Each structure stands twice: as structure tokens, then as C-alpha cells.
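Trainee: Residue strings, one per chain:
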Amino acid sequence: MNVTAFNRILTVAFFAVLFILPLVNSDSYIRHISIIAIMYAVLVSSWNVTLGYGGVFNFGHMAFFAIGAYATGVMTKTFDVSPWWGMPIGVVAAVIASVIVCLPVLRLKGIYVILVTFAFTQLCLQIVLNQRDLTGGNFGLVSIPPLEIGAFSFRDFQNAGYYYLALLLLVVTLLAMLWFRRSHFGRSVIAFRDNETYAISRGLPLAKVRLMTFMFSAVFPGAVGSVYAQYVRSASPDMFGFSFLTLALSMLLLGGVGTIWGPIAGAFVFTIISELLTPLGPGRYLVTATLIVLVLRFFPGGLAGIPEFAGQLLKGRSGAAGDPAMLKDEK
Amino acid sequence: MGDVTLDVSGLVSGYGRMPVLHGVDMTITASDKPGLIGPNGHGKTTFFRTISGLNRAWEGTVRFMGEDITNRPAAQIMRLGLVHAPQGNTLFREMSVEENLLLGGFAPRARAVHKTTLEQVFELFPRLAERRRQSARTLSGGERQMVAISCGLMALPKLLVLDEPTLGLSPKLKMELRDAIAKIVESGVQTMIVEQDPEFLSTLTTRLFFMSEGRIEADIGDGQSLEHSRIREMYFGVA
Amino acid sequence: MALLDTLLLALKTTFVSGLVLASLYVLMASGLALVWNTLGIFNFTHGAIMAAAAYVAWQISDPKGYGLGLAAGIVGALIASGVMGLVINRLLIAPFLNQKNVVLIAVMTTLSGAFFIENSALLIWGPRIKQLEKVVDGNLRVAGTVISGHEVVIIVIAPLLMLGLWAFLKFTWTGRAIRAVAQNREFAELSGIDVRRMYAVAFATAAMLAGFAGIMLGAIRFITPGLGAEPLLKALIVVILGGLGSIPGTILGAYVVGFSEALSTYYIGAYWTQAVLFLIFIAILLIRPSGLLGKD
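Chains as they are written, first to last, in the working numbering: chain R, 1 to 331; chain D, 1 to 239; chain H, 1 to 296.
Worth flagging that the hints you see were computed from the coordinates, not collected in a lab.
Values in this document were obtained by computation on a predicted structure and should not be read as measured data.
Cβ atoms here follow ideal geometry from the backbone N, Cα and C, with glycine treated the same way.
Among the hints, erroneous ones may be present.
[Stated by the list, open to error] 30 Å max Cα-Cα, derived BS3-like pairs, lysine-lysine:
1) D:K115 / D:K174
2) D:K33 / D:K158
3) D:K183 / D:K172
4) H:K100 / R:K208
5) D:K115 / D:K158
6) D:K172 / D:K33
7) D:K115 / H:K170
8) H:K64 / R:K109
[Said to hold, decoys possible] Covered by chain R, per the in silico footprint, the following chain H stretches (three or more residues, Cβ under 8 Å):
9) 91 to 105
10) 114 to 126
11) 237 to 244
12) 278 to 289
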């Protein structure tokens with residue numbers, strides 16, 4: 001059996017299990033964790049577009065998610081727009097935000113990109129906190145209208161509607177990523193990561209490609225942010241915060257940057273780990289932080305690097321596993 | 001013959017997975033005035049980077065004054081007295097000449113007498129005294145070389161290694177520097193000079209090592225005359 | 001004439017409040033710049049150190065803690081910050097310095113570190129907000145506006161500390177070595193400078209600057225585990241604006257941001273000030289991508 005066929009079978013099996021899960025298990029806790037894990041997988045996979053394939057240290061990705069959530073919340077709750085417009089609104093808002101943050105980033109490199117995108121996230125947070133009347137300030141935006149079809153609410157049957165909607169989003173995301181990897185667009189993005197000067201000399205338009213990368217990657221957090229807001233029926237300032245960013249970033253880095261399955265695996269593994277740690281209370285954050293540093297220290301290639309690391313151990317040459325495909329650090 | 005200053009045996013090192021040095025052997029005694037020649041890209045700089053601790057030695061040993069210094073941190077090796085003055089384009093560019101020199105004498109042993117050493121250096125290179133407040137970035141190529149050499153002197157070296165001190169300089173400047181280096185050698189500081197030009201070394205050294213393809217191919221010792229024809233043969237393969 | 005008076009008062013008010021903000025930003029940002037300049041990494045624990053220092057100062061000084069008085073609190077918190085800096089450098093930075101993508105890894109590890117410190121503070125001191133005593137009591141009337149003694153202290157101390165930092169980097173052997181390491185790591189090693197030790201010293205110094213900023217802040221704002229989050233953001237903007245790592249640039253950036261913020265708060269209102277700041281920030285970066293005093 002060749003690798004492609006094996007991958008394909010694994011993919012189908014993975015989604016089959018996710019599809020069947022709600023039919024055989026109706027435990028509300030497991031349902032919740034699954035929905036969160038799937039949503040993280042969407043978020044982190046799409047972050048991979050800018051950070052992994054694009055080599056652009058975009059730290060504003062979580063802001064796109066939060067903006068999607070807030071836009072949906074504000075429009076459907078305060079302005080009485082139908083909840084079904086939620087997702088389009090979330091996507092549009094996130095894409096607009098991505099354009100705003102991308103404009104300064106066009107001329108910047110390396111650490112500057114991290115700092116500007118990070119600053120953008122924090123400023124969004126400040127604005128949300130200050131615009132209390134619209135966003136609920138510190139307390140967040142609550143009682144966002146849920147999705148309903150006639151008498152059927154997406155919350156019925158232990159949120160089965162949201163589960164399948166999230167799963168659908170993940171399938172769409174995965175297909176989009178597979179398309180992206182093979183498309184002309186995706187190849188130009190990777191070309192800029194690997195050799196910017198060469199790509200420009202070949203006539204690739206840097207500004208246009210980078211702007212499109214940002215807009216493309218923002219679609220998914222916008223959509224998932226909107227669904228998340230409708231699922232938990234609230235949007236909170238925490239979504240812009242440090243802890244959320246750190247968690248998502250560790251999923252991506254530990255899963256393996258620049259791969260299709262790394263981020264998805266990272267999202268599932270990390271969601272499960274952090275749920276297992278819940279009994280520790282606030283102490284679980286200490287464990288999570290320690291875990292992230294330890295993995296970075298000993299498995300620099302992420303989860304995807306563990307097999308290679310094990311192989312090296314067997315060969316008797318200990319040391320670091322391969323680095324993820326990542327841009328050289330620029331100072 | 002005297003005491004052994006530097007004793008390198010079987011040294012292998014390189015970059016990434018590519019070896020550049022394929023087993024270098026070299027012994028220098030206190031009475032030697034050593035020089036190293038060889039074509040570009042055959043490992044001269046790599047050799048010095050490895051013995052001074054900037055590159056890791058993959059195999060082999062380096063002993064300095066009887067002490068095994070293989071793969072010690074660069075700062076430690078330097079404090080033992082093996083001082084490597086790199087090519088002049090590597091300075092603290094945003095600092096003044098004087099600050100560069102003071103940093104050359106950073107190690108405690110040198111720091112204690114840095115004022116006297118600084119005067120001696122300025123005596124040797126009066127031009128640096130004139131430019132002491134100027135930032136290294138603004139210096140000419142020759143002046144940078146002077147700063148690099150002087151930084152080495154500030155460290156009170158027991159063996160001073162000069163890596164191509166005249167690289168890219170005009171003939172006139174080259175002569176000037178040679179005279180200065182001759183003074184350093186006369187003052188009793190053992191100095192190993194690396195050059196591509198054997199002519200330059202002829203008056204400064206009594207012992208020449210020829211490095212080619214990562215090995216010492218020839219060791220022309222004290223008493224033997226430095227026959228240009230032999231060197232030319234080694235360089236170009238013709239007599 | 002009434003119009004002129006109002007205008008004059010407005011200018012005075014914004015000048016004083018701008019000066020206070022700018023001085024605070026100088027304190028917050030200088031350590032960040034020092035670490036970036038020396039180690040070439042960005043330290044996201046900077047804000048968390050501010051919060052932790054404020055808590056330590058509270059614990060030592062407050063009657064509900066050890067009750068040893070404010071002076072002891074400040075000294076203790078500064079020492080604690082320095083130690084924290086050393087530990088962070090040892091655990092989160094030093095092991096990764098030789099890796100190719102150390103910049104990104106350091107972002108990850110220091111973010112985790114910040115996460116760790118903030119949640120530890122929450123575990124140790126609980127969610128109840130606390131506040132430090134002011135260094136000096138009472139208010140001062142300057143040119144028709146009121147300013148607290150504590151703020152005067154901040155305005156005076158910030159430039160003095162920068163002067164001290166400059167003198168340290170310029171005239172001491174250690175300071176020179178720190179700058180040397182920042183400029184040319186290999187040549188520094190060849191000069192016998194223990195690079196890792198200089199990194200540790202720079203990090204500890206930066207942490208103490210952060211700690212001091214946290215202590216000053218802890219008397220004006222309420223101490224929460226997230227005390228340092230907004231200051232970190234401001235420090236970040238200041239450092240980028242000034243040109244990463246350049247200390248004079250950072251000081252200039254701090255005053256630009258401080259006064260812009262004061263003016264914008266007065267004329268446009270606190271609601272939109274953050275957005276205005278971001279716009280100014282983006283505009284400057286578009287014109288000068290490496291900051292006001294940055295080199296390309």
C-alpha cells in the first residue's frame with residue numbers, strides 16, 4: 001500500500017469516526033470537548049497558512065476569530081439581523097480586519113510582523129473593552145441568538161447541530177488546505193517564504209500575494225468565530241487574550257508547522273490534554289505552560305518530529321529532531 | 001627548541017556536515033616565529049576558528065601551553081593567552097576605537113594593566129590615537145586592521161594569531177603594517193601570521209606551514225630557507 | 001480671552017498628563033529594548049514581571065502582608081525581579097539560543113512564561129485586587145493643574161534612570177561588554193567576554209527595570225495578575241516606534257506615544273484613543289518601517 005492511499009484511508013477513517021461519534025455517544029461533556037477541539041483544528045489549520053506556509057509571523061489570527069465572534073454577536077443581537085447572516089458577517093468582518101492588519105505588514109519583516117500583529121490584537125481588545133455599550137466591555141457580549149431552523153434549535157440533542165456545523169467547517173478547511181497546497185496561489189505563497197528575492201525576480205507580486213494570503217487565512221477564523229459565538233451564546237474579551245493565543249500557538253507549533261495534519265493533530269491532542277488537567281484548577285495553566293516549554297526544548301519539530309526523534313534515538317544519535325519548515329529568523 | 005606553545009593533532013572540523021579540516025597536525029615551540037600560508041578556501045580561517053573555540057572540533061585535540069583546550073569556550077581559550085585577531089571587518093562597528101581597544105583588554109589579567117597597554121598600542125599605531133573617539137564604522141580598511149591587531153595586543157597574548165592582516169590593502173599600507181607587525185614580533189609576543197602572500201611573511205617568520213585542502217602539506221622549519229620555487233610549486237603545481 | 005485661557009489650560013493639562021504617561025512608558029519600554037538589543041529576542045514576560053513585582057512589593061509592604069513598609073517592599077521587589085529575570089533567562093531563553101528559529105521559539109517560551117507567572121500570581125494572591133501605597137503623599141499644583149506627588153516622582157525618576165542606564169552601558173566594563181555582545185557576538189567571545197553571562201546581566205537589568213515600572217504602576221492602578229498586559233502593549237509600541245533596541249529611540253518613542261495619548265484623550269476621548277494610537281503607529285511605520293531612530 002503506498003503512502004497516498006494510506007493517508008487517504010486515514011483521512012476517511014478520521015472523519016468517519018468524528019461523524020459517527022455523536023450517534024453512539026451523547027454525553028454532553030464529551031460533545032462539548034469535541035466541538036471545541038474541532039473548532040481549534042479549524043483555527044490552527046488556517047493559521048498555518050500565514051505562519052507556516054507564508055512564513056509571516058502573523059500573531060493576529062486569534063483576533064480574526066474574536067472579531068468574527070463579536071461582529072456576529074453585535075449584528076445579530078443588537079441589530080436584530082437574522083442569525084443565519086452570522087457566519088457571512090463574521091467572515092466579512094474578519095477579512096476586513098485581515099486587510100487592515102496586513103497593510104502595515106506588507107513592508108515589514110521578521111520580528112516587526114510579530115510585534116505589529118500582536119499590537120493589533122491587543123488594540124482590538126482595548127477597543128472592545130472601551131466600547132462597553134456595544135460589546136459589553138469586561139463582561140463580554142452575552143445572550144447572542146442561537147441558530148435555529150423552524151422549531152429545531154442547533155442546541156437540541158446536546159448541540160448536535162453545532163457539532164455537525166463545526167465538523168463541516170473542518171472538512172471545508174481541510175479541503176481548502178489541500179487545494180491551497182496544490183494551487184498556483186499556494187505555491188507562490190511558499191515561494192515567498194523560501195526565497196523572497198527569487199520569487200520577486202520571477203515576477204511574483206509580493207504585496208498582492210501577501211494580502212491574499214491574509215484574506216484567505218482570515219475566512220476560517222471569521223466563520224468559526226461566528227459559530228463559536230452562537231454556540232456558547234457569548235463573546236468575551238478573553239478571546240483576544242494571551243492565554244488563548246498561547247494555547248493556539250502551541251497547538252500549531254507542537255503539531256508541526258507547514259504540514260496539513262500537524263495543526264489538526266495538535267489541536268485535538270492539546271484540547272484533550274487541557275481538559276484532562278481541568279481538575280487542577282488554575283494550576284493547569286502552570287502545567288500547560290511548562291509542557292509547552294518542555295516540548296519546545298526536547299521536540300523542536302513538534303509532534304510531527306517525534307517519530308524522527310525516536311528514530312534518531314534508535315540510531316544512537318540523540319539530539320534535536322528536524323526543524324519545522326520555518327522562515328529563518330530575521331533580526 | 002624550547003617549550004611547546006601550541007600542539008594540534010588530527011584536527012577535523014567543518015560547517016554543517018561538510019568537513020573543511022581533514023586532520024591538521026601542527027606543533028609550535030616558543031622559539032618559533034610561525035606563519036601559515038595557503039590558498040583561499042583551504043581551511044586557514046576554519047583552522048583558527050576551531051583552535052580559538054568559535055567552531056567545534058569534530059575530532060583531534062588542541063593543546064595550548066600544555067593544557068588541553070579542545071572545544072573549550074572561546075572566552076576561556078582567549079583568557080589562557082591564545083588570542084585570535086580576526087579579519088578587520090569584524091569589529092564592534094558602532095563603538096569608538098578606544099572602546100574597541102578597551103574591550104580587547106576585557107579579560108581580568110589584561111584589564112589590570114589596560115592603561116599601559118593602551119599607551120603602547122597608540123605608540124605602535126599613532127593613527128589610532130588620533131581616531132580614538134571615532135566609531136569603528138567610519139574607519140578605512142587599513143585602520144580597521146590596525147584596530148583588530150591592537151585589540152589582540154590589548155589582551156596580552158602569549159600567542160597572537162593574525163588572520164590575513166593585510167587582506168585587501170594597498171601595497172603601501174601593507175608595508176606599513178608589516179613594519180608594525182615586525183615590531184610586535186621583536187617585542188617578544190609570539191605571533192602566528194596567516195597570509196596568502198609568502199613574500200610578506202619571509203622577513204617576519206622563521207617557520208612556515210603550508211595548508212592545502214584542510215591539511216598541513218608542508219612544514220618548513222628553522223634554518224631551512226624558504227624557497228619560493230617550492231611554494232610556487234605547491235600553489236600552482238608547476239616548478 | 002476666555003477662549004485663549006481654555007486653550008492654555010488644555011495645553012497645560014495635556015502636557016502634564018502626557019509627561020506622566022511618557023515617563024511611565026520610558027520605564028516600561030527600556031528593559032524590553034535592552035533585551036531585544038542584546039539578545040535579539042523579544043521578551044513577552046516583561047509585563048508579567050511588572051505584575052509580579054507589584055505583588056511582591058505589596059506582600060512585603062502592606063499591613064495585610066508582612067507590613068515592613070514601602071521602602072522594604074520596593075527593595076525586595078526589585079531584588080525579586082532581578083532574580084526572576086535570571087531564572088527566566090536560564091530556563092526560557094538560554095537553552096534555545098543556538099537554535100535556528102530562536103526568535104519565534106523565544107516568543108513561544110516567553111509567552112508561556114508570562115502565562116505561568118500570571119497564573120502563579122493568581123494562585124498565590126487570589127483574585128482580590130490590591131494596591132500599593134504611593135511613594136509620596138499629597139498633590140502638587142503645577143501651572144494651574146493638579147498632579148500627585150507620586151506622579152512627580154515618576155516624572156523625575158524616569159529620565160534619571162535612563163541616564164543611569166546610559167552611564168552603565170557606556171562607562172562600565174560590564175556595560176561595554178553588553179553592548180559589545182549586542183553588536184558582534186563572535187568578536188565579543190574572542191575578546192574574552194562570557195556572552196551568556198552578559199545575556200544574563202542584561203536580562204536581569206531589564207527585569208529590574210520592569211519591576212520598577214510595576215511598583216510605580218501598582219500605586220496608580222489596581223494590582224491584578226494582568227497588570228502588565230496593557231503596559232506590555234504600550235512598551236511594544238514604544239519600542240517598535242523608536243526603532244527596535246535603540247535606547248535613545250525608545251525614549252523618544254515613549255514621549256511621542258505619551259503625548260499623543262494625552263492629546264488624543266483630551267480632544268477625541270478615551271474611547272478612541274487606543275485606535276488613534278494604532279493609526280499613528282501604523283502611519284509612522286509605513287513611512288519609516290524600522291522606527292523613528294531605527295537603522296535599516
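Trainee: Could you run down the list of hints and mark each one as holding or not?
Mentor: Going down the list of hints, with the structure as the test:
With a CA separation close to 28 Å, the supplied pair K115 (chain D) and K174 (chain D) stays within the 30 Å bound. Taken as a hint, the K33 (chain D) and K158 (chain D) pair is honoured in the structure, with Cα atoms around 13 Å apart against an allowance of 30 Å. This hinted pair checks out: K183 (chain D) and K172 (chain D) have alpha carbons roughly 17 Å apart, not beyond 30 Å. Using a Cα cut-off of 30 Å, the hinted pair K100 (chain H) and K208 (chain R) holds, with the two alpha carbons roughly 29 Å apart.
Restraint check: the Cα-Cα separation between K115 (chain D) and K158 (chain D) comes to about 19 Å, which is no more than 30 Å; the hinted pair holds. Restraint check for K172 (chain D) and K33 (chain D): the C-alpha separation of about 24 Å stays at or below 30 Å, so the hint holds. For the proposed pair K115 (chain D) and K170 (chain H), the alpha carbon gap of about 18 Å is at most 30 Å, so the pair holds. This hinted pair does not check out: K64 (chain H) and K109 (chain R) have alpha carbons roughly 49 Å apart, beyond 30 Å.
For the stretch 91 to 105 of chain H, the assignment as covered by chain R holds, since 11 residues bring a beta-carbon within under 8 Å of that chain's beta-carbons and 3 suffice. Using a Cβ-Cβ cut-off of 8 Å, 8 residues of the stretch 114 to 126 of chain H lie near chain R, which meets the minimum of three, so the contact claim holds. Counting residues of the stretch 237 to 244 of chain H whose beta carbon lies closer than 8 Å to any beta carbon of chain R gives 4, which reaches the threshold of three, so the coverage claim holds. With 6 residues carrying a beta carbon less than 8 Å from a beta carbon of chain R, the stretch 278 to 289 of chain H meets the three-residue requirement, and the given coverage holds.
Violated hints amount to a single one, hint 8; each of the other numbered hints is respected by the structure.
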